[in-house]
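Our numbering numbers the first residue of the sequence shown as 1 and each following residue consecutively.
What the hints contain is simulated information worked out from the structure, not anything from laboratory work.
From a predicted model like this one, the values you see are computed outputs, not experimental measurements.
Each hint should be verified, as a subset may be incorrect.
Cross-link-like lysine-lysine pairs, in silico, DSS-like; alpha carbons within 25 angstroms at most [to be verified]:
id : residue 1 : residue 2
1  : Lys-213   : Lys-124
2  : Lys-125   : Lys-213
3  : Lys-179   : Lys-213
4  : Lys-125   : Lys-179
5  : Lys-124   : Lys-179
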Amino acid sequence: MEDVQIWLGLNGQRFGPYTLATVQRWHQQGVLDSGSLCWREGMTDWLPLDTFLRENGGAGAFNEPPSFDVPPPGLTPRASVAVAPRDDVPVAPSLHWGWVALLSVLTVGIFAMVWMFVQSVWVKKIDPRSGATTYLIIGVACGLSGGFAGPDSQLYYLLQLVNIVFVLMAYYSMSASVKRFGSERGLPVDIGGVTLFFFTMWYMQGQLTRIAKWQRTGLIEDAPKGIFWAIYAVLIVLAILLVVVAVQLFR
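Sequences and hints are given; from them, build the entire structure.
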């Protein structure tokens with residue numbers, strides 16, 4: 001029974017399949033209520049979640065769950081793993097964070113500068129109070145001005161520091177807006193402050209891609225987090241190895 005593949009019937013649509021453990025976890029977390037409909041192979045009809053979890057299902061041999069012609073009566077799912085809200089919010093920027101990182105490197109940071117504003121403009125649409133775009137404008141202006149001053153000038157380092165501070169302010173502002181957006185729709189959004197500090201745009205893009213998929217399909221995936229720290233650890237190891245090799249070569 002642990003490996004059984006379960007389909008969910010939410011808002012007149014089928015989602016899945018999921019494992020029994022996943023469905024039980026979502027039920028315990030309150031993501032799915034007792035009225036959500038469930039089906040697994042061998043059942044003749046859909047059952048409410050609480051009934052399904054008590055029973056093993058009826059006999060029969062179906063290759064896929066029955067279709068819905070109209071939403072079944074009594075279906076009252078929460079905003080959850082499978083139902084995106086019907087509002088006018090545009091879909092979040094969905095480019096995978098890995099592509100964002102690669103394009104940023106290939107364009108020597110130009111793409112990254114543009115993509116920061118793509119993210120902040122979307123956040124402004126979900127939260128008109130967001131000041132992220134303004135912070136980015138100030139930060140980028142200071143960074144470019146510092147570049148014109150040249151690295152031999154003390155002003156260069158001051159302006160670069162101001163640039164970093166305002167970019168971080170922008171991303172923490174976006175983080176607050178995105179969390180509020182998720183909270184209002186029953187979408188769990190957990191943005192780690194430390195991870196955001198070190199990986200800013202790429203980490204935020206991982207969150208936005210996840211939200212975009214939820215908006216299109218109603219499915220919630222785990223947000224990327226550990227992968228960033230794994231990459232960071234690999235880079236540190238490579239840097240140490242390069243230093244060791246350099247020391248050996250120039251002895």
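request  = If any of the earlier hints don't hold here, list their numbers in rising order.
outcome  = Every hint satisfied by this model.
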